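Next come the chains, spelled out residue by residue.
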Amino acid sequence: MKVDAAVVDEILKFMKTDKGLSFNFLSDITAVDFLKDRGVFEVVYHLLSMKNNVRVRIKAEVPESKPELPSATSVYKGANWFERETYDMFGITFTGHPDLRRIMNPDDFPGHPLRKDFDVAPKDEYCPVPVIKPDN
Amino acid sequence: MKEDPKDDLIPINIGPSHPAVHGTLPIYAKLDGEIIAEADVEIGYLHRGFEKLAEDLTYHQFIPFTDRLNYVSTFINNQGYAEAIEKLLDIEVPERAHYIRVMLSEVSRIMDHITCLGPNMVDTGALTVYWYLFRVREELYRLCEMVSGARMTTNYTRIGGLVRDLPEGFEDTAREILKGLPVAIKDTEKLIKKNRIFLDRSIGVGEISAEDAIDWGFSGPNLRACGVARDIRKDEPYSVYDDLEFDIPVGNRGDYYDRTFVRLEEMNQSMRIILQVLDKLPKGPINIDDPKIILPPKEEVYDSMEGLIHHFMFFIEGMEDIPEGEIYHAVEGANGELGFYIVSDGEKNPYRLHVRSPCFAYYQAFPSMITGKLLADAVVTLGSLNVVAGELDR
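Going line by line, the protein sequences match chains A and B. Per our numbering, the very first residue in the first sequence carries number 1489; after that it's consecutive. Per our numbering, the very first residue in the second sequence carries number 35; after that it's consecutive.
Calculated from the structure, these hints are not laboratory results. Quick caveat, the model's predicted, so the values are computed rather than measured. Be careful, since some hints might not be right.
Below are the BS3-like pairs computed for lysine-lysine, each with C-alpha atoms no more than 30 angstroms apart in a straight line [claimed, not checked]:
no.	chain 1	residue 1	chain 2	residue 2
1	A	Lys1524	B	Lys382
2	A	Lys1565	B	Lys227
3	A	Lys1501	B	Lys382
4	B	Lys268	A	Lys1539
5	B	Lys268	A	Lys1507
6	A	Lys1565	B	Lys213
7	B	Lys86	A	Lys1524
8	A	Lys1547	B	Lys121
9	B	Lys268	B	Lys220
10	B	Lys326	A	Lys1604
11	A	Lys1565	A	Lys1539
12	B	Lys407	A	Lys1565
13	B	Lys224	B	Lys213
14	A	Lys1565	B	Lys64
15	A	Lys1547	B	Lys382
16	B	Lys268	A	Lys1504
17	A	Lys1604	B	Lys382
18	B	Lys224	A	Lys1554
19	A	Lys1547	A	Lys1621
20	A	Lys1539	B	Lys121
21	B	Lys407	A	Lys1547
22	A	Lys1524	B	Lys121
23	B	Lys224	A	Lys1604
24	B	Lys64	B	Lys407
25	B	Lys121	A	Lys1604
26	A	Lys1547	B	Lys86
27	A	Lys1554	A	Lys1507
28	B	Lys121	A	Lys1504
From the structure, some residues in chain B lie toward chain A, with a derived Cβ separation under 10 angstroms [as the list claims (entries may be wrong)]:
no.	residue
29	Gly78
30	Glu270
31	Asp379
32	Arg390
33	Gln398
34	Arg428
Not the full set, but computed from the structure, chain A residues with beta-carbon under 10 angstroms of chain B [claimed, not checked]:
no.	residue
35	Ile1499
36	Ala1519
37	Asp1521
38	Asp1525
39	Met1538
40	Asn1568
Just so you know, even glycine gets a beta-carbon here, dropped at the ideal spot from N, CA and C.
Work out the full structure: start from the sequences and follow the hints.
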């Protein structure tokens, strides 16, 4: 199900609070990089309704030039770390997130790893600890 | 963490390498006496970049990586991944393979619960429980080794079936080992169930309400201990779980006591499933009959030219005719909902592979669970949540 990125938090709130739908469990938030083909990131939300035993997948597209999306932490508390991971791996910012910082990679890591254009074998290596080289 | 101008609180760092945390999980706590006023956790010390690696590997080449996710219950990860790909390719695995996968998943589940309970009891001070339970785990490792050749990194399922059939003598060995499990569980219960010290240490510790738990994304034994009877094996049955009879233990308070006893009872139920499978195990093939999907058996690879070329093409060129599309498949891991989200664009590598790990979802709630509580309770709560770093960081 594809939705508009600007209002994704209101849609999630509706899906959670509506008595008929009652999607009270957020399974997963992640993103897929379609920059080469379509120039967008696709942010994917997986929801589960425990009452009706139904799963749904909601997708929101964000363009590469402005990868921003409203945060779902006001609707589901569990969205916190999932959004941090998506930010860490793709560089998609979630506005309204209480603490958006990198989660898996070190804080000063250059780049966003899961983007398709991330170079896994760069020429000058990133090293998080100071390296002491011999003087000769 | 926020900078507080009137900082009377003592910051301590229950650091990444510490005997009380199970895995590399630092907790940055600010203490007010012995009560934790603020807490923050950090993850990512075991981040190996599986999701990025998967984009360069074929579907078959990724199977050994799934062992390393939740490394204490490896068959469940293998089964989850294989079933996700089988759903994407829309193929049906023979019954014998389903039953063997279910049986070995339940063996893994028992091993995971033992690995959670043993060290957790050591944290609380009950050292003898560790020995009672780990003896059974050692025997179960012997069973894993019989089946797959490795104790921990089993790598046993393949897309379309299993790598090899059960060896001779498996059933007798399994039944004999499983005789030791109820004895160990009963001894554990006798030691802790009416023990004044354990009850004081565990009732009301690390409590979380059911609504909070669902909101944070809890699943598995931690959610069932809060009173929510939700188990993917019963509610969305996959494989042959709807042919098997088992119950789901549910707690009521969501504290450390409930989590311990839910896990103990789940071990009993897993044993019930294994004995049913051993009785019902059908004869027949273990792999589907499609040479485009299943690897050739090793005898053919070593003896015939066609087998060798077939094997070579699989690992260099990958499978052909993979449909485009995406799939999300969730299995009941030992810690909760283990999901695989695979996006395929028809190539031999997945376009995107994402693992929804249960530990990631419930470890978010950990800082709020320990704030305002004693420091010793924080250690015990961390163990009872059963956070496995491999699954958390992927």
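Quick rundown of the hints versus the structure:
1. A:Lys1524 x B:Lys382: Judged against 30 angstroms, a Cα distance of about 18 angstroms means the pair holds.
2. A:Lys1565 x B:Lys227: 34 angstroms, violated
3. A:Lys1501 x B:Lys382: 38 angstroms, violated
4. B:Lys268 x A:Lys1539: 14 angstroms, holds
5. B:Lys268 x A:Lys1507: 24 angstroms, holds
6. A:Lys1565 x B:Lys213: 43 angstroms, violated
7. B:Lys86 x A:Lys1524: 17 angstroms, holds
8. A:Lys1547 x B:Lys121: 21 angstroms, holds
9. B:Lys268 x B:Lys220: 26 angstroms, holds
10. B:Lys326 x A:Lys1604: 29 angstroms, holds
11. A:Lys1565 x A:Lys1539: 19 angstroms, holds
12. B:Lys407 x A:Lys1565: 21 angstroms, holds
13. B:Lys224 x B:Lys213: 18 angstroms, holds
14. A:Lys1565 x B:Lys64: 23 angstroms, holds
15. A:Lys1547 x B:Lys382: 24 angstroms, holds
16. B:Lys268 x A:Lys1504: 23 angstroms, holds
17. A:Lys1604 x B:Lys382: OK: lysine 1604 (chain A) and lysine 382 (chain B) at ~16 angstroms, within 30 angstroms.
18. B:Lys224 x A:Lys1554: Between lysine 224 (chain B) and lysine 1554 (chain A) the Cα gap is close to 61 angstroms, so the pair fails against 30 angstroms, i.e. violated.
19. A:Lys1547 x A:Lys1621: It is violated: about 49 angstroms lies between the C-alpha atoms, which goes past 30 angstroms.
20. A:Lys1539 x B:Lys121: Cα-Cα ~25 angstroms, so holds.
21. B:Lys407 x A:Lys1547: Violated, because 39 angstroms separates the two Cα atoms, which is more than 30 angstroms.
22. A:Lys1524 x B:Lys121: 27 angstroms, holds
23. B:Lys224 x A:Lys1604: Distance of about 55 angstroms is beyond 30 angstroms: violated.
24. B:Lys64 x B:Lys407: 12 angstroms, holds
25. B:Lys121 x A:Lys1604: 26 angstroms, holds
26. A:Lys1547 x B:Lys86: 21 angstroms, holds
27. A:Lys1554 x A:Lys1507: 34 angstroms, violated
28. B:Lys121 x A:Lys1504: 28 angstroms, holds
29. Gly78: Interface hint status for glycine 78 (chain B): holds (4 angstroms vs cutoff 10 angstroms).
30. Glu270: 7 angstroms, holds
31. Asp379: 9 angstroms, holds
32. Arg390: With a minimum Cβ separation of about 4 angstroms from chain A (threshold 10 angstroms), the hint on arginine 390 (chain B) holds.
33. Gln398: 5 angstroms, holds
34. Arg428: At about 8 angstroms, which falls below the 10 angstroms cut-off, the nearest Cβ of chain A leaves the hint on arginine 428 (chain B) intact, so it holds.
35. Ile1499: 17 angstroms, violated
36. Ala1519: For alanine 1519 (chain A), the interface hint holds, since the closest Cβ of chain B sits about 9 angstroms away, which is under 10 angstroms.
37. Asp1521: 7 angstroms, holds
38. Asp1525: 9 angstroms, holds
39. Met1538: Result: holds, 6 angstroms to nearest chain B Cβ.
40. Asn1568: 5 angstroms, holds
Hint check: violations occur at hints 2, 3, 6, 18, 19, 21, 23, 27, 35; the rest are consistent with the structure.
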